[in-house]
Amino acid sequence: MELIDTILTRRSVRAYDSKPIPRTMLDTILDVTRHAPSGSNREPTRLVVVSQESRRRDLAALCSNQTFIADAPVVIAVVVKTIAYNRGNYMGSCSSLVDGAIMLDHLTLVARAYGLGTCWIGSFDNSAIKTFLEVPEDWNVLGLTPLGYPKGDVFKQSENRIPLSDFVMEERWTK
1 MELIDTILTR RSVRAYDSKP IPRTMLDTIL DVTRHAPSGS NREPTRLVVV SQESRRRDLA
61 ALCSNQTFIA DAPVVIAVVV KTIAYNRGNY MGSCSSLVDG AIMLDHLTLV ARAYGLGTCW
121 IGSFDNSAIK TFLEVPEDWN VLGLTPLGYP KGDVFKQSEN RIPLSDFVME ERWTK
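By the count of the numbering used here, the sequence shown reaches residue 175 at its end, each step adding exactly one.
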């Protein structure tokens, strides 16, 4: 039941306390995240951890000036290698994006299990962040997340979801 509660109460956090994350906790989160699955176990994903305040602020500026990102004590960039793997015979080079999305999702859930907040950041300047983080040419930033203790009591189950009956279809597409 703990896993279910973790999933149901994970939220996008946009206000962070300045309290530092213990290094042992951060290392555990990163290590558990490393175990996220990838297609054919290719592991085309890496994490770049940014903890220096000035660098977090510069990074936030490259994320459409979402300044709350820098308020967290850590920002993590999920970086994926462009690979030629045609998963499902239609994804082409996009298959590594799926692997990166799985990893970023695992990261947000592990962080939530430790009482930390995250927010999947998808609005950013990929080229500028690649330069800022010195990411190689054949790799791209999939997303970023601030990581820190949220301000306030944010971990509540959302009631703003479509009904299960509108979400699930049996045997075929019926909607």
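Just so you know, the hints here were simulated from the structure itself, not pulled from any lab data.
Some hints could be false.
Said to hold, decoys possible - Lysine to any residue pairs mimicking SDA-like chemistry, simulated, CA-CA at most 25 Å apart:
| id | residue 1 | residue 2 |
| --- | --- | --- |
| 1 | 130 | 66 |
| 2 | 19 | 32 |
| 3 | 81 | 135 |
| 4 | 130 | 120 |
| 5 | 81 | 114 |
| 6 | 19 | 39 |
| 7 | 130 | 175 |
| 8 | 81 | 21 |
| 9 | 81 | 55 |
| 10 | 130 | 73 |
| 11 | 19 | 130 |
| 12 | 19 | 68 |
| 13 | 156 | 38 |
| 14 | 19 | 161 |
| 15 | 151 | 38 |
| 16 | 130 | 156 |
| 17 | 156 | 55 |
| 18 | 130 | 6 |
| 19 | 151 | 12 |
| 20 | 151 | 123 |
| 21 | 81 | 58 |
| 22 | 19 | 135 |
| 23 | 81 | 154 |
| 24 | 130 | 154 |
| 25 | 151 | 98 |
| 26 | 151 | 39 |
| 27 | 130 | 114 |
| 28 | 175 | 156 |
| 29 | 19 | 65 |
| 30 | 19 | 175 |
| 31 | 19 | 81 |
| 32 | 19 | 55 |
| 33 | 175 | 18 |
| 34 | 156 | 81 |
| 35 | 81 | 56 |
| 36 | 19 | 109 |
| 37 | 81 | 39 |
| 38 | 19 | 38 |
| 39 | 81 | 151 |
We went through each hint and held it up to the structure:
no. : hint      : verdict
1   : 130 x 66  : holds (18 Å)
2   : 19 x 32   : holds (22 Å)
3   : 81 x 135  : holds (10 Å)
4   : 130 x 120 : holds (18 Å)
5   : 81 x 114  : violated (29 Å)
6   : 19 x 39   : violated (37 Å)
7   : 130 x 175 : violated (41 Å)
8   : 81 x 21   : violated (28 Å)
9   : 81 x 55   : holds (23 Å)
10  : 130 x 73  : holds (21 Å)
11  : 19 x 130  : violated (28 Å)
12  : 19 x 68   : holds (15 Å)
13  : 156 x 38  : violated (30 Å)
14  : 19 x 161  : violated (32 Å)
15  : 151 x 38  : violated (33 Å)
16  : 130 x 156 : violated (35 Å)
17  : 156 x 55  : violated (31 Å)
18  : 130 x 6   : violated (32 Å)
19  : 151 x 12  : holds (12 Å)
20  : 151 x 123 : holds (23 Å)
21  : 81 x 58   : holds (24 Å)
22  : 19 x 135  : violated (29 Å)
23  : 81 x 154  : violated (34 Å)
24  : 130 x 154 : violated (32 Å)
25  : 151 x 98  : violated (31 Å)
26  : 151 x 39  : violated (37 Å)
27  : 130 x 114 : violated (29 Å)
28  : 175 x 156 : violated (30 Å)
29  : 19 x 65   : holds (22 Å)
30  : 19 x 175  : violated (47 Å)
31  : 19 x 81   : violated (33 Å)
32  : 19 x 55   : holds (18 Å)
33  : 175 x 18  : violated (46 Å)
34  : 156 x 81  : violated (35 Å)
35  : 81 x 56   : holds (23 Å)
36  : 19 x 109  : holds (20 Å)
37  : 81 x 39   : holds (13 Å)
38  : 19 x 38   : violated (33 Å)
39  : 81 x 151  : violated (34 Å)
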